[in-house]
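Sequences listed follow chains A and B, in order. Position one of the first sequence corresponds to residue 373 (the working numbering), numbered consecutively onward. Position one of the second sequence corresponds to residue 373 (the working numbering), numbered consecutively onward.
Worth flagging that the hints you see were computed from the coordinates, not collected in a lab. Hints may contain errors.
For identical chains, the list gives no copy identity; a pair is met inside one copy or between any two copies.
Here are the computed lysine-lysine pairs in the DSSO-like style, where the Cα-Cα straight-line distance is at most 27 angstroms [as the list claims (entries may be wrong)]: (1) 665 with 417; (2) 723 with 381; (3) 600 with 544; (4) 635 with 604; (5) 544 with 477; (6) 547 with 477; (7) 477 with 664; (8) 569 with 600; (9) 547 with 413; (10) 383 with 489; (11) 604 with 590; (12) 720 with 544; (13) 599 with 413; (14) 702 with 548; (15) 547 with 417; (16) 413 with 590; (17) 593 with 608.
Protein chains: 2
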Amino acid sequence: MDSLEFHEKYKGKLSIISKVSLKNREDLSLAYTPGVAEPCKEIYKKVNDVYKYTIKGNTVGVVSDGSAVLGLGNIGAEAALPVMEGKCVLFKEFANIDAFPICIKSQNTEEIISIVKNISPVFGGINLEDISSPRCFEIEERLKKELDIPVMHDDQHGTAIVVLAGLINAVKVVKKEFRNLKIVVNGAGAAGTAVSKLLLKEGAGDIILVDREGILNKNNKNLMQYKKEMAKITNKESIEGGLRDALENSDVFIGLSAPNILKAGDIKLMNRNAIIFAMANPVPEIMPDEAKKGGAKIVATGRSDFPNQINNVLAFPGVFRGALDHNVRKITDEMKLNAAHTLADVVKDVKEDNIIPDVFDKNVVKVVANSIK
Amino acid sequence: MDSLEFHEKYKGKLSIISKVSLKNREDLSLAYTPGVAEPCKEIYKKVNDVYKYTIKGNTVGVVSDGSAVLGLGNIGAEAALPVMEGKCVLFKEFANIDAFPICIKSQNTEEIISIVKNISPVFGGINLEDISSPRCFEIEERLKKELDIPVMHDDQHGTAIVVLAGLINAVKVVKKEFRNLKIVVNGAGAAGTAVSKLLLKEGAGDIILVDREGILNKNNKNLMQYKKEMAKITNKESIEGGLRDALENSDVFIGLSAPNILKAGDIKLMNRNAIIFAMANPVPEIMPDEAKKGGAKIVATGRSDFPNQINNVLAFPGVFRGALDHNVRKITDEMKLNAAHTLADVVKDVKEDNIIPDVFDKNVVKVVANSIK
Chain A
373 MDSLEFHEKY KGKLSIISKV SLKNREDLSL AYTPGVAEPC KEIYKKVNDV
423 YKYTIKGNTV GVVSDGSAVL GLGNIGAEAA LPVMEGKCVL FKEFANIDAF
473 PICIKSQNTE EIISIVKNIS PVFGGINLED ISSPRCFEIE ERLKKELDIP
523 VMHDDQHGTA IVVLAGLINA VKVVKKEFRN LKIVVNGAGA AGTAVSKLLL
573 KEGAGDIILV DREGILNKNN KNLMQYKKEM AKITNKESIE GGLRDALENS
623 DVFIGLSAPN ILKAGDIKLM NRNAIIFAMA NPVPEIMPDE AKKGGAKIVA
673 TGRSDFPNQI NNVLAFPGVF RGALDHNVRK ITDEMKLNAA HTLADVVKDV
723 KEDNIIPDVF DKNVVKVVAN SIK
Chain B
373 MDSLEFHEKY KGKLSIISKV SLKNREDLSL AYTPGVAEPC KEIYKKVNDV
423 YKYTIKGNTV GVVSDGSAVL GLGNIGAEAA LPVMEGKCVL FKEFANIDAF
473 PICIKSQNTE EIISIVKNIS PVFGGINLED ISSPRCFEIE ERLKKELDIP
523 VMHDDQHGTA IVVLAGLINA VKVVKKEFRN LKIVVNGAGA AGTAVSKLLL
573 KEGAGDIILV DREGILNKNN KNLMQYKKEM AKITNKESIE GGLRDALENS
623 DVFIGLSAPN ILKAGDIKLM NRNAIIFAMA NPVPEIMPDE AKKGGAKIVA
673 TGRSDFPNQI NNVLAFPGVF RGALDHNVRK ITDEMKLNAA HTLADVVKDV
723 KEDNIIPDVF DKNVVKVVAN SIK
């Protein structure tokens, strides 16, 4: 079956069911009037009891404005819905979390913040999804500050956790020191920014962040505000130029950018035993065999048909499961670092083609959840 | 089990499940990346395809600001959640509709309208619930105008449909003419207003609408705007005074007000074979035996432990089922009248203690749904 037929057959991938029976008047009087007044009164007296008597404690809102969906770009709220439903399916199947898609028509930063705050009472956590940068940064930061439930932009931090986990294991294979790595991150959007920040937190010595205009450099005055801030904490030697200049004598390439932008010759510019994470989807920055031809030792992609699949589903279900179970109201950098290490440790037999757990590995959610506390 | 234990045991009454299997990489590639891009692209090309490929066509948002919850009043968004979950349970169990609670922290009219519009992409219908008057009128009216999905404030129109259905059958028992009835409606809030309007549409000759200040009268200049409008279309003879003045020589009392405000003596003021709908919950305006003592022929209440239970669950599941199935984008007065007649007709053996179907009657949803088209 193709995906269109599949989606038409199911008419949406989620269903909302009742956990309680409703067969007779007694059932009705417990679940609805008059009995339902009792938990209402308790919550009115003590608002935190909403976790005790309602769905809040196991419910996550998957919030998107449809502005940066997969490789499709700004397709809007309605067209984003199949993706958000899919995300909710993953929450349920991997972490037994009840997730509901909230697709917002507005793409105004303040309005999105206000809407999410206003509809937050029913949610125990907010997963921001496919919101374009730089708006995604302010939306996440403000919601983290102004809400007392965990808020995470998965495109940023889910990606960062899984990339770091993969890199921790890749470094073991090539026998290099993490802090000595020269890392090139291509793509300075939501994911590239968050990945760079988390790698720095982990102790990466230097990161060269590259966007379509070239290497981010603190001498460049024309950068957007958030890129200026990234330029301050990356590129210690103030290298200038383009992606190829960055690649020279680098150890790691992390692509969160566009399909087919590299050739074997570009990989040859890198140091020996290069590590390539080519995560553009569905077509990576360079195909694994081409990268190997250029001398790469380890290649990871976002795809399931090659080894080393870097997939967010390895992080977000466990992160939210842990936050909900451990009453965590803010997901900190410490927790993300712990999650990445825990995730890396799930792989028992680390080798070239096995740096990251399989997405269907049942242990992943448990151990990641355990690291969020 | 009491209701608090019950709610604590289930920790919320809803669960969101996946309709699709997610056992292997092929499943994942159909439900999520890369396959999910296909329906996204179709919806981007033709927005109405969101009904074809997503949950929208069977999903209703149950929206409340917690400002007028049951008999509890303005308890706020969190404390309203158990009721909204219960409502969603009823949607599922009675009409197989996927309903999700949206509890909004703001109680500002414009903000609520804006939020509901902004999060409407995922919903095929909006059920407004427990929003206080007069804000509920503007919120409903504006959303009906500005959204292309059905929007219904159930406290208003669900109640009106069921009351009219009950009254149609009650009139048969007492052998009076509907258009000649003198009807007293006590309570000029959301429900009282909507009930009065629908009874007038059905052809009621005169309605005396009474609130805490007394009978609504067009000579009273101090009324709120919406009550002024009601005063224009009711009380043809410009009667003045209080509830007892209204009851004199009336045929029908419809209470949507407060517990225990009437005694047998008050019913004696009414015409012979009086019809009493005492719907204050959980304690009615007058208990059935007391009303009968005063000479009432037919008594209905909101309670399940007396005959003739006037319960909104007889209307809203079928109304939304019909709207979703028949692609109805506005619920009109005509449809509400049809629904009421259809609902009345479900009762085969109409008599004093049997004017309205049982809430568990399986036919109800089907026939009501069939009348909404």
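Open item on the list: If the cut is 27 angstroms between Cα atoms, do residue 477 and residue 664 qualify within a copy, between copies, both or neither?
Closed with: Neither: 44 angstroms inside a copy, 55 angstroms across copies.
TODO: Classify it for me, residue 702 with residue 548: is the Cα-Cα distance of at most 27 angstroms met within a copy, between copies, both or neither?
DONE: neither (33 angstroms within a copy, 66 angstroms between copies)
Task: Status of residue 413 relative to residue 599 across identical chains (alpha carbons, at most 27 angstroms) - done: Cα proximity of residue 599 and residue 413: none, with 49 angstroms in one copy and 31 angstroms across.
Task: Status of residue 600 relative to residue 569 across identical chains (alpha carbons, at most 27 angstroms) - done: within (14 angstroms within a copy, 62 angstroms between copies)
- [ ] Could you place residue 604 and residue 590 in one of the four classes (within, between, both, neither) given a Cα distance threshold of 27 angstroms?
- [x] For residue 604 and residue 590, only the intra-copy Cα distance (6 angstroms) is at most 27 angstroms; the inter-copy one is 72 angstroms.
Task: 27 angstroms Cα threshold - placement of residue 544 relative to residue 600 - done: This pair counts as neither: shortest intra-copy Cα distance 33 angstroms, inter-copy 79 angstroms.
TODO: First find the shortest C-alpha distance between residue 544 and residue 477 inside one copy, then the shortest across copies, and answer within, between, both or neither for a cut-off of 27 angstroms.
DONE: neither (46 angstroms within a copy, 50 angstroms between copies)
Task: Same-copy or cross-copy closeness of residue 413 to residue 590 [CA-CA at most 27 angstroms] - done: For residue 413 and residue 590, the Cα distance exceeds 27 angstroms both inside one copy (57 angstroms) and across copies (39 angstroms).
Task: Intra/inter-copy verdict for residue 547 and residue 477 if alpha-carbon distance must be at most 27 angstroms - done: Answer is neither; intra-copy 49 angstroms and inter-copy 54 angstroms both fail.
Task: Identical-chain pair category, residue 547 with residue 413, by Cα at 27 angstroms - done: neither (61 angstroms within a copy, 44 angstroms between copies)
Task: Alpha-carbon proximity context of residue 723 and residue 381, limit 27 angstroms - done: neither (41 angstroms within a copy, 47 angstroms between copies)
TODO: Measure nothing new, just compare the shortest in-copy and cross-copy C-alpha distances for residue 665 and residue 417 to 27 angstroms and report within, between, both or neither.
DONE: This pair counts as neither: shortest intra-copy Cα distance 67 angstroms, inter-copy 40 angstroms.
When the structure is compared with the earlier hints, violations turn up for hints 1, 2, 3, 4, 5, 6, 7, 9, 13, 14, 15, 16 and for no others.
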